[in-house]
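A.B. asks: Sequence:
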Amino acid sequence: MSEEINEFKINKFTPSKSIYIEASAGTGKTYTIQLIVARMLAEGTPLKKILIVTYTEKAAGELKDRIRKKIDEVLQKGRIDKSEPELSPEQMANFRKAYQDVDNAAIFTIHSFCQKALKEYAYDAGRPFDMAMVDDSAVEDMVDQYIRDKWSKDDEFIALLREAESTSSLIENLKSYFIKAVDMYKGVDASGKEIVTIDEVEMPKLGEKALSLEELEKIAQANNFEELVSTLHLEGQLEIFEANTDKFFTKKNTGPIPEFLNSLKKWKKGSPLYDGSFKDGKCPQEDWPKDMYASFCYLKELKGFLSDIDKKVEKVKLHKFLIAHTPQLFDAWQAYKAENKLQSFNDMILSVHKAVMEPGSALKERLSAQYTYAIIDEFQDTNQLQWDIFSNVFQNFVVGDPKQSIYSFQGADVNVYKKATGEIGKKIDLVHNFRSTDGIINGCNALFSGNYFAPAEGMPELVKFTDSYPPEGENAGQKKKAPEIDGNEVRSIWLSEKDISADSFAATAVAHIIDWCSFREDGETTRLQVFDKDYGKPGHDSVLKNVTFKDFAILAKSRSEMENIESIMRNVGVPYTQYKETNLFRSRECAEWISLFRTINAPDFSSWNRQLLSEVLITDFFKDVVAERERATRGSEQSSGLEELHYAESKEFDDPNNPERLQIASWRTLALKRRYAEMLERIYDDTQIEYRLMDVSRLQSMARLRQIGNYAIDYLYNHRCSLDDLIRHLQGLARYEESADDENGDLVEKGSDFNAVQVMTIHASKGLEFPVVISVAGFKQLPNSKPPYITHGKDESLHLGFGDTAKECRQREEMEEWKRLFYVDFTRASSLLLIPRYDVWYNKPKKNEPATKSGYFKHVHFLVDALENFAEKSTNLYDRLLKSDQWVTVQEGIAEKANLVKDILARTNEANSNTVDLDKAITEQKVEIASLQGKIAGASIMQYSYSSLSGRAETPIAEADDSRTEKEGESTAEEIPVPGMENYPRGSKVGDALHNILERMRFMAFGERFKSLEDALGHNPNIETSELENVIEEEFKAQSLPIAAHKKEWTEITARLVWNTLHASLPVIEGAEIHRDATFRLVELPLNDHKPEVQFGMNAYAGNPEDSGTDAPPAETEALTILHRVCKGFIDLLFVREVNKQKRYSILDWKSDSLENYGDAEIKKKVDEDYSVQRVLYSYCLIQWLKQFYGKRADGSGEGLDEQQIFEQHFGGIYYAFLRGTDGATGKGIYAHTWKDYASLEKAYGEVKKLMSKKKKDEGEN
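FYI, the numbering used here numbers position 1233 of the sequence shown as 1233, with every residue one higher than the one before it.
Fair warning: there could be bad hints in the mix.
[Said to hold, decoys possible] Computed list of lysine-lysine pairs in BS3-like fashion (alpha-carbon distance at most 27 Å, straight line):
| # | residue 1 | residue 2 |
| --- | --- | --- |
| 1 | Lys-209 | Lys-807 |
| 2 | Lys-29 | Lys-786 |
| 3 | Lys-175 | Lys-153 |
| 4 | Lys-479 | Lys-533 |
| 5 | Lys-180 | Lys-786 |
| 6 | Lys-9 | Lys-479 |
| 7 | Lys-209 | Lys-315 |
| 8 | Lys-290 | Lys-209 |
| 9 | Lys-180 | Lys-218 |
| 10 | Lys-846 | Lys-786 |
If you are wondering where the hints come from, they were derived from the structure by calculation, not from laboratory data.
Starting from the given sequences, assemble the full structure and let the hints guide the process.
C.D. replies: Encoded structure:
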């Protein structure tokens, strides 16, 4: 062991001086924090005087639990640690007091600490007392305002618009750049110095000279070679060539210099500078005079420079504009938030930083008096602002590991770790790994030693690797036993051959998972056994334990790297759960939690609150239970036909003693007492939702519910907030979800009790351990990020840049972080680690020559070198992972693996005796409830969302002449088969995916980018399609559709459907008239003229608002009440067009139905049968909504139009777009609908009301 290592010993620790503790993976960092807190308590520091800051809310909650357990342990044993003496009675009294205070212990994230400080000491910080939270991405609205009101008069902005190839693309790029820049730029500190320095505009270089904008514009304006010579002063270069006209471009005397000069002189703007036959080769390099060759190199560079000169000018002007206006926009945004008492997470840190850094700071005095010590966990993930706060206020004890600093995209700065620890000076090391086997410890030492962490040229040294060691001395008994296969010990690291493809490695890994989870002949032990970390506890009598699926973790750099192995696991039925998925807070499960929390928060269920109850009853928490009770009540295996959207209106639920309402009331009681954790457990227990979603096909849904539920409870406790605050927070997350590869911190729990393989990104795995880790990372190329970029200057100061130099610098810093990322990846394994050596990392070897590293994967050369060195020099530390991938291409092989998986799951379930007991208890509960409950009351055909409203009546609603444009001479449009459509998925999931894709489209921008179908399909090399492809991939994955296995085919089909739909011809509708000869396309609609998922909120009364039904017949009152709820829903698309100087408002609904053909007759039949109620409600809602603007308002304002006049002047009709049948060249697949007049619509609406208010007797007869 190195003499430089200063190991942590609790008996030598004293809190009199600041220290930093460097803790490698698995060395007991959290336990050390527990010991430090215990020492401080023993020396008389009250728990409330110890501030602990960690990186995530989840970690803060876990640390609080660990400290509680440590205090309890001390109270039981009477000493801090087994090596420590017994505590005195006075010291024990300190621990008893701390145990009482542990719930209020000061354990925070940096943001929750700053939020608390600003709230408690608002006056001292110079902040308002009551600040609402806002996301900084909301600055987009301000950018829109500036574009509209200020920059539209700015000469530079006008020039940008004039020269832009696409105006809409320019504006969208401007907005995205400014949103990112405002988030990164932090303004100025108390001294007036920029916290993040904005770099100057990076000017393009030609030769060694950086050109000015004026010079660039002159070059761009040059029309011929003479003008180029004059602008760039090329006379000297030309004279050199004219003095050497006897030279040639090749050794064979081809390409004479006079021909080259003639080629130059013929240059015209827009063409190459000289003929492509004049190439740089051995002859120019060896035979020409040096000054002549230097001149040719300059001209060669100029040739490339001219090829995109207009883009260079546009880029410089854009960056100049961004740099000039970023500080201005930042200041305006800060002023707006201050004026409106708003703050973002960034603002909380900035405000505390500014307040404590001011001379004579009152906030600093308050905080230093409140806390004696500060313990900062995960210190490698801090940044300069945070360190300024802590170092200026507290005596600090910091704990971290620079090798695990992987969150730079969230502001973490490992440079600050190096600087801060240098300031602290005193270092303590944690070097003994108590988590992993000797094989993992020694293997990782071999992998990461040597040059692995050596910085690239020009980069600072930020990490010094030191070996970790197994437990020694008195702790030697804690060493972990090596894994065994079939009773024989095996090595802990398995390394693939270097020629393995991503698909082959995925198939091999899945084959090993299934094989190792299979049972041996004794029927009791699995083939693979690993050490049991709970050995010695009750029920854990063996050092080794069986493995099952949940013991395996698959770690990837990005979500796209998970697809190959996920697809194979799906094919054979291996259960898996994916954590921290892209749209977690935009998921259906999050919407269901919001619905449940809103219901719990409701004081009663009268009036509008009745809808809250109705909504929650159709969530997974309740709907299956109610359906089961209905079947039990009716004595039939089939329900009475009440769909989930119908039964929620039953009067059964108006009874306060209804079982579901009693459950909700009990949860509300716990919430009011702030017993949130108990409330969560009661929700799970009362609804039995975990049991009901344990089917393999629904594991992912259950995982999302668990993650969001646990996150919500952590948020309630850590922010000491109400259910109202939580609901707003979840709704905000649903709007501002981060992208997949951004890894939004540690928002949600990362462990699971499900028997499923755990799939996650390396970022999400941080802080976890798994018996078996399968790394699949590294076979994707480096993503191409967009500006601006945060980089470090030579003095380690932060810079914000937009140019190529900033981009290259950022990429170099990211490459250094990738080294740390793979360290985190490999050190998550406690028993077994499988590592690939992908074929794409190497060039295809030539005959009898070794493989060389691929230039396309330079970003992983450090890993390739480390693995090659490890494979060559550490043969005693790893086993070969032999390919096992042939089975995946043979149906019999897939079937065999699938049967093995079923057998494993069956054996595992048999071993879980709780399943039988739980099943019995649920059955008994159902019988008991059924015996107490009568028949469910009659139900209406009430619907809750327009996106799910089928509205299918027994017969279509009687309507007046609907005057469809295709009514005369209806077409039967011959179907043009779409290639691969027979393999394209069907059903609600793909319908939701297509709906969401279209919702994200900006129609006009889409049309400007993809002018032809070939452009959208990626067949035009000059048109970038990655953004569209990413949207398609994200939405298919969000619906758990296996796009990885069909990526090219499904992406192309989807792009085709989207392009055809947005380019399809729609007939113009003016009131009652549909104009066949006048059409438009959706791509003609500007962004501000189309809105997806519009919600109409108005009363559904046919007459005046005061006709509320109080004096109406009961059946009419019920219908009106139901329609009131119906008309609070979402409509797929609302758009407005100006037709003959009148604004016409229209509604369009996307339909993904699969029809036999998409001729006019077929889609009319489909709409008549399935959407006849829907089109009535769409039309009626649209007229009533427009009445709010064009009718007479209560205050007498408005145009005073009645419904018929609104219909005539502003109604633009209802459209249905059948996505699978649209054609970009025609109106095929489009259904257009209007009414003879408003009276006809009103009559149809009356029939809908009658249908919705059928008497119970009639329903019973049906």
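A.B. asks: If a hint holds in the structure, say so; if it doesn't, say that too.
C.D. replies: Status of the hints after comparison with the structure:
no. : hint                : result
1   : Lys-209 <-> Lys-807 : holds (20 Å)
2   : Lys-29 <-> Lys-786  : violated (37 Å)
3   : Lys-175 <-> Lys-153 : holds (18 Å)
4   : Lys-479 <-> Lys-533 : holds (10 Å)
5   : Lys-180 <-> Lys-786 : holds (10 Å)
6   : Lys-9 <-> Lys-479   : holds (19 Å)
7   : Lys-209 <-> Lys-315 : holds (18 Å)
8   : Lys-290 <-> Lys-209 : holds (20 Å)
9   : Lys-180 <-> Lys-218 : violated (32 Å)
10  : Lys-846 <-> Lys-786 : violated (37 Å)
Hints 2, 9 and 10 from the list above are not met by this structure, while the remaining hints are.
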